[in-house]
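Number of protein chains: 2
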Amino acid sequence: MKFLHLEEQLSREEIKKLQLVRLKSAVARAKKSPFYAKKLKGIEPEDLKSIEDVKLLPFTTKEDLREHYPYGFLTVPKSEFVRLHASSGTTGSPTAILYTENDLNTWADLMARCLFMVGVRKEDVFQNMSGYGLFTGGLGIHYGAERLGCLTIPAGAGNSKRQIKLLKDFAVSVVHIIPSYALHLSTVFEGLGINPKDFNLRIFLIGAEPHTDETRRRIEEIYGVKAFNSYGLSEMNGPGVAFECEYQNGMHIWEDAFLAEIVDPVDLTTLPEGEVGELIMTTLAREGMPLIRYRTKDLTRFLPGECPCGRSHVRIDRITGRADDMIILKGVNIYPMQVEKVLMSMKEVGQNYLIELYKEGHLDQMRVKVEIKDEYFVEDMRVLKALQSKIAKNLREEILITPRVELVEHNSLPKSQGKAIRVIDLRN
Amino acid sequence: MKFLHLEEQLSREEIKKLQLVRLKSAVARAKKSPFYAKKLKGIEPEDLKSIEDVKLLPFTTKEDLREHYPYGFLTVPKSEFVRLHASSGTTGSPTAILYTENDLNTWADLMARCLFMVGVRKEDVFQNMSGYGLFTGGLGIHYGAERLGCLTIPAGAGNSKRQIKLLKDFAVSVVHIIPSYALHLSTVFEGLGINPKDFNLRIFLIGAEPHTDETRRRIEEIYGVKAFNSYGLSEMNGPGVAFECEYQNGMHIWEDAFLAEIVDPVDLTTLPEGEVGELIMTTLAREGMPLIRYRTKDLTRFLPGECPCGRSHVRIDRITGRADDMIILKGVNIYPMQVEKVLMSMKEVGQNYLIELYKEGHLDQMRVKVEIKDEYFVEDMRVLKALQSKIAKNLREEILITPRVELVEHNSLPKSQGKAIRVIDLRN
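Just so you know, the sequences run in chain order G and F.
Each residue of the first sequence is one higher than the one before, counting from 1 in full-length UniProt numbering.
Each residue of the second sequence is one higher than the one before, counting from 1 in full-length UniProt numbering.
The following block holds chain G by itself, in its conformation from the complex (with noise of 0.2 angstroms):
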């Protein structure tokens, strides 16, 4: 069996048929919340011929989302839903999403279509390195491994001993791991003098933070595993949006279930194929609270062509960043992936790396603490101011400036358990 659902193996012709269909009743049904009942006043269903009539429809935002929080966005009546997701604030408006037990359905099969496409089966044992609770990444994923039939081991966030106790104990083949956590866990194996090689392990699931293809070949390496990278966001349920298959050359959205754009952020204009733009995204499967045409804030791009593994479902990039990360220093665009994908393909560049940006009189400038690699960490300055030099050249190479490099040893910059945070900004 190569494909878990039916759905996986429609030709582009019928994913668009099956689209509009969905989109249409995803706007009736968007309808009955108050928050859609004004927004879409004036626009039905049958106003939509074709799918790309989508660009008649209005955009929603976070924003959105936190102005009509908690119960804007539901068509039906509270006591019909089973769970809930929300962000972390604690003063002002968080935004939360609200699941019917058929959300939690379809999410939980497009979770366990993500898995079985990367070759996870039910024999597999599966450790959920992903918090749990009210974040997305852990029950989203527990959920799916459990209904394809894993040994699903919800080891949460952390305790990175007891983590390694567990995937030798168990045999564990499979894990989901954030990849700033799979680089930290890597130097912790290194301490207690284990090779993870040695152990059982064979697949990766990597995603909730963006990361460069450099640390995924890095963590192939390192575990001796295939790393697959994975795209969600909790406003279209969590993980389980968009998904590697065995080729790793992007990631194919589950146009059943989504539909994806691509548009300039600043005049949300529809790019044409292939141009890096802000992915928006509208639910077509969801029942309780339906989002349409959400802006993700994601920046990433469709992939041309088709992939060999059979899938017809269109492929984005890996996500190069947020409309919201992008540094602007000394008037150009630097985006914090670009750091990364040349840092990480450093041989002498250890698991961690931070940039700082800073004021110096009224200029801004940035700094890259760099993590070096202990066999890299000689006495000699020369050779070190070499490679400071070095970094720098690779970086203005890719960012057109040159920032201050600084070299510090292994496993000194402040670890990540959750997501990683890359760029502190000391300028105000």
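Since the hints were made in silico from the structure, they are not lab data.
Here the structure is a predicted model, which means the values were calculated and not measured.
Treat the hints with care, as some may be off.
No copy is singled out in the list; a pair is fine if it fits within one copy or between any two copies.
As the list claims (entries may be wrong) - Derived pair list, reagent style BS3-like, types lysine-lysine, alpha-carbon separation capped at 30 angstroms:
| # | residue 1 | residue 2 |
| --- | --- | --- |
| 1 | Lys24 | Lys49 |
| 2 | Lys38 | Lys17 |
| 3 | Lys165 | Lys385 |
| 4 | Lys165 | Lys31 |
| 5 | Lys161 | Lys415 |
| 6 | Lys369 | Lys39 |
| 7 | Lys38 | Lys2 |
| 8 | Lys17 | Lys369 |
| 9 | Lys31 | Lys17 |
Assemble chain F onto chain G, guided by the hints.
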């Protein structure tokens, strides 16, 4: 509808009959595991003529689970399991419980039955303040609430201000919370100047640590709720083993799923009804990892008489402590729960206390640090001295020795967000 499941309405006689049938198949099933194949050698299901014949079977201990970790108790291939929960040991052998899909279903059903029994309904909003992950209190109750159809908020442990915000924003009516954290959370409410009685709270599920009825009444008073005692342990799935009904007069053990005995913790003979001893549990409905006569180490007794709720499932008294928790001081046996019972019945006492054991020369001594409410923490030393003596005297009446009593300010003792640490032994 008064009962969620038919099994709740069984008569004593029907329960005994069902138990015998299920005990026989539990033994037959258990013998498929490496551990019981040996342990139950020579014992066949047909040797059990009545439910009292359970005494023919050997006990199982936590040490057995440790020694035969991780797979010694499994009756079906590893690939048939979909969930693992484990104790938190990082060194030595932890214990692990594995669940098949059927086991997860049974567990969720039992849990849903508990919730329904205390009045929780589909329309309720349920906030789970238990830690998720490997600890069974999180996912265990979560699955039960979701099965019942409650809007389930997987808040997890800690982050008190966010907990309060969620309680408010979603008009939460049912909360699962550790009793010591409930007391701590009340001080956070106080600090914010918010009265929890102004919220929509209706039902608290409290468990996961032994506590007294005095603590329960205090929690009910503070929050304006009915608080129901819950009993479970991961070796018997987790929560959902026994639960109070609306009458709050002991916890019904679900005897269709578990066979309970009370034995003398020293000579392991069955105790007459009503006497306090160690609770012994046998799984009657677990497929993948049955446990026979498991020594829980929890001390309690069967309560005599019928329950007005109409369920004939036997009731146990609240857990007095663990066989391991007993403090022997000057030849007297003391359980921390006895100290709590005295303290929580005194109006001057705040929400936290700590028992310290120490040496004075060669003599063992006990010191009890007691938080005093602000309004009683006065300047006048004579008043404080009198309060100190009153506490010492009340304690002496219960535990037969006079501990040293130290009065400390409200909120000055270490706060717990997990299970409370009530005893510190400084004797070695």
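Please flag the earlier hints that this structure goes against, numbers listed from lowest up. The structure breaks hints 3, 6, 7, 8; every other hint is satisfied.
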